[in-house]
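Colleague: Protein chains in written order, with the numbering used here: chain A, 153 to 459; chain B, 153 to 459.
Each hint should be verified, as a subset may be incorrect.
Identical copies go unnamed one by one, so any copy, or any two together, can satisfy a pair.
Cut-off 16 Å, straight-line C-alpha distance, at most; resulting in silico cross-link-like pairs (EDC-like, lysine to aspartate or glutamate) [what the hints assert, rightly or not]:
{"id": "1", "residue 1": "K450", "residue 2": "E424"}
{"id": "2", "residue 1": "K308", "residue 2": "D349"}
{"id": "3", "residue 1": "K308", "residue 2": "E377"}
{"id": "4", "residue 1": "K428", "residue 2": "D349"}
These are computed hints drawn from the structure, not numbers from a lab.
It should be emphasised that the depicted structure is a prediction, and the values quoted were computed from it without experimental measurement.
Number of protein chains: 2
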Amino acid sequence: MDAIKVFAPGTVANVACGFDVIGLAMDAPGDEMILRRTDKPGITISAIHGANLPTDPLQNVAGVAVQALLQKYANPDIGIDIEIFKNIHPGSGIGSSAASSAGAVVGVNHLLGQPFTPKQLVRFAMEGERLASGAAHADNVAPAVMGGFTLVRSYKPLDITSLHTPADLWVSVIHPQIEVKTSDAREILKQKVLMTDAIRQWGNVGALVAGLYQENYDLISRALEDVIVEPVRAILIPAFYALKTKCKDAGALGGGISGSGPSVFMLSKGEENARKVAAMMDTIYAPLGVDYKIYVSKINTQGVKVI
Amino acid sequence: MDAIKVFAPGTVANVACGFDVIGLAMDAPGDEMILRRTDKPGITISAIHGANLPTDPLQNVAGVAVQALLQKYANPDIGIDIEIFKNIHPGSGIGSSAASSAGAVVGVNHLLGQPFTPKQLVRFAMEGERLASGAAHADNVAPAVMGGFTLVRSYKPLDITSLHTPADLWVSVIHPQIEVKTSDAREILKQKVLMTDAIRQWGNVGALVAGLYQENYDLISRALEDVIVEPVRAILIPAFYALKTKCKDAGALGGGISGSGPSVFMLSKGEENARKVAAMMDTIYAPLGVDYKIYVSKINTQGVKVI
Numbered sequence: 153m154d155a156i157k158v159f160a161p162g163t164v165a166n167v168a169c170g171f172d173v174i175g176l177a178m179d180a181p182g183d184e185m186i187l188r189r190t191d192k193p194g195i196t197i198s199a200i201h202g203a204n205l206p207t208d209p210l211q212n213v214a215g216v217a218v219q220a221l222l223q224k225y226a227n228p229d230i231g232i233d234i235e236i237f238k239n240i241h242p243g244s245g246i247g248s249s250a251a252s253s254a255g256a257v258v259g260v261n262h263l264l265g266q267p268f269t270p271k272q273l274v275r276f277a278m279e280g281e282r283l284a285s286g287a288a289h290a291d292n293v294a295p296a297v298m299g300g301f302t303l304v305r306s307y308k309p310l311d312i313t314s315l316h317t318p319a320d321l322w323v324s325v326i327h328p329q330i331e332v333k334t335s336d337a338r339e340i341l342k343q344k345v346l347m348t349d350a351i352r353q354w355g356n357v358g359a360l361v362a363g364l365y366q367e368n369y370d371l372i373s374r375a376l377e378d379v380i381v382e383p384v385r386a387i388l389i390p391a392f393y394a395l396k397t398k399c400k401d402a403g404a405l406g407g408g409i410s411g412s413g414p415s416v417f418m419l420s421k422g423e424e425n426a427r428k429v430a431a432m433m434d435t436i437y438a439p440l441g442v443d444y445k446i447y448v449s450k451i452n453t454q455g456v457k458v459i
Numbered sequence: 153m154d155a156i157k158v159f160a161p162g163t164v165a166n167v168a169c170g171f172d173v174i175g176l177a178m179d180a181p182g183d184e185m186i187l188r189r190t191d192k193p194g195i196t197i198s199a200i201h202g203a204n205l206p207t208d209p210l211q212n213v214a215g216v217a218v219q220a221l222l223q224k225y226a227n228p229d230i231g232i233d234i235e236i237f238k239n240i241h242p243g244s245g246i247g248s249s250a251a252s253s254a255g256a257v258v259g260v261n262h263l264l265g266q267p268f269t270p271k272q273l274v275r276f277a278m279e280g281e282r283l284a285s286g287a288a289h290a291d292n293v294a295p296a297v298m299g300g301f302t303l304v305r306s307y308k309p310l311d312i313t314s315l316h317t318p319a320d321l322w323v324s325v326i327h328p329q330i331e332v333k334t335s336d337a338r339e340i341l342k343q344k345v346l347m348t349d350a351i352r353q354w355g356n357v358g359a360l361v362a363g364l365y366q367e368n369y370d371l372i373s374r375a376l377e378d379v380i381v382e383p384v385r386a387i388l389i390p391a392f393y394a395l396k397t398k399c400k401d402a403g404a405l406g407g408g409i410s411g412s413g414p415s416v417f418m419l420s421k422g423e424e425n426a427r428k429v430a431a432m433m434d435t436i437y438a439p440l441g442v443d444y445k446i447y448v449s450k451i452n453t454q455g456v457k458v459i
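Chain A with its partners taken away, still in its complex shape (with noise of 0.2 Å):
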């Protein structure tokens, strides 16, 4: 095979009360990519359309995670070039920097006969996250490589899970285009929290999961509340509590803040609920005076796909 177009999802990170350790893969928004293999050994980026970003494989984020493939397969000295489409904004919340590692990982290995697995293509991914932000997080890159809900249990050792996905469940996204910085997030949160905080939420991160399993939508709507990150981070984004309380009432099961923002998600069984939440969403975000897109899709299961 000598090129391999795929989709990258949009990943949402910090489910709720699942905060650094779940995440979830989208089908809408999401990057296309093109990658091909090319005769002068090394990595390439030849062009990225709809965003301004390096095309030094070394600065960009899908170039050093396919560097670090490279650097596993027998053959390290085979050419690759990598053209990016890219749908998910930069700096949006929903794992824009995951979407490109996740993606040009996955197609190279779809290139090369798929010589890794899943998690290894993880681990490569990880290394565009530490480009991107400083920290090899894996909360995006694991859903967008595997798809679904994925739990990162553990970064020493990396231990990741996926969970169950239930049939019908669908997500409702709107990212104020604000900008929020993720260092700026991580900075205003407590480094100590109560232990009754504490114990709320991983029953919480107990029940959601269990609710997943049970595709009990009334236990996931209950388990999805975040009384540690969610409060202090709340007041970076125009209208959080309108927008929670109001596509609750819409039909929405629940949801928060995604990653460190500015998007926020909300969670629903059905599309019918889901394009509710997304109708809600627009009412109160069109008065602000903000510019926003609102996105609407079914938990995607499968991860990056070839297309």
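Start from chain A and add chain B according to the hints.
Modeller: Below, chain B without anything else, positioned relative to chain A:
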């Protein structure tokens, strides 16, 4: 029906990372109880065999739990007698009071033709726990009533869910016959915890629940880690770390302090491993000069049962 005999299981609360939220039920040890309809209105406790506990129904957890049930029953003036055969040592940390409370209300519910749901029975049994410890906690009575693994997501509102129990999961328990007061065990806990530890804990809780549903014993093993409570409480239990390390060497998946101690539990895949783990517990405790009892049991998925 005029009389019924039930088996009321011992339970492990605070299952490792699942402090205050995850509990499980055992087949051994367990109490037996006989519940009888009597002609005279009110609750009596005619005998308690095997332990020195109050027979005044208002001072006994079983009496208080049945009283809570009768207050919600259409005909609260019926007469109930309770006879208890205690095999679970009070103060052992394996749900002695919960067994009495749960056994009593499940038994009476059978006598009355099952007017109440398991979740209602948990609520009644929680009143027994309130008498025993001052707090109406559910983490022992929920598994005692419902069987298997249970998760208490929240108390306000009360939200309890049954988790899946893998088919071949066994538990070994050692009860060192020393006194650890629940109040003391609670006082030494910190009021605040590090965010990093809290995240690790809820990653483990999510992984433990996922491991139970996946019947993934390796994942369960990795998730049986408590970075918050165990490091503080381990000092209360003789040879705790020797038990933990050597039982894992002997084949245990992992374990921890049962409830607030002094009992220690270890989960294993299969009876053979569980018996090896129990033998290791014996080897470690034999030279210590502390009386102890050891139990081996499959996870009890039924809860209180009629015998």
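Colleague: Would you mind marking each hint as holding or not holding in the structure?
Modeller: Structure-based check of each hint:
1. Taking CA atoms no more than 16 Å apart as the test, K450 paired with E424 passes inside one copy only; the shortest distance there is 11 Å, against 45 Å between copies.
2. In this homomeric assembly, K308 and D349 come within 16 Å of each other (Cα to Cα) only across copies, at 13 Å, whereas the closest approach inside a single copy is 25 Å.
3. Taking CA atoms no more than 16 Å apart as the test, K308 paired with E377 passes between copies only; the shortest distance there is 13 Å, against 27 Å inside one copy.
4. Neither within a single protomer nor between protomers do K428 and D349 lie at most 16 Å apart by alpha-carbon distance, with minima of 32 Å and 38 Å respectively.
Hint 4 alone, counting from the list given before, is not met by this structure.
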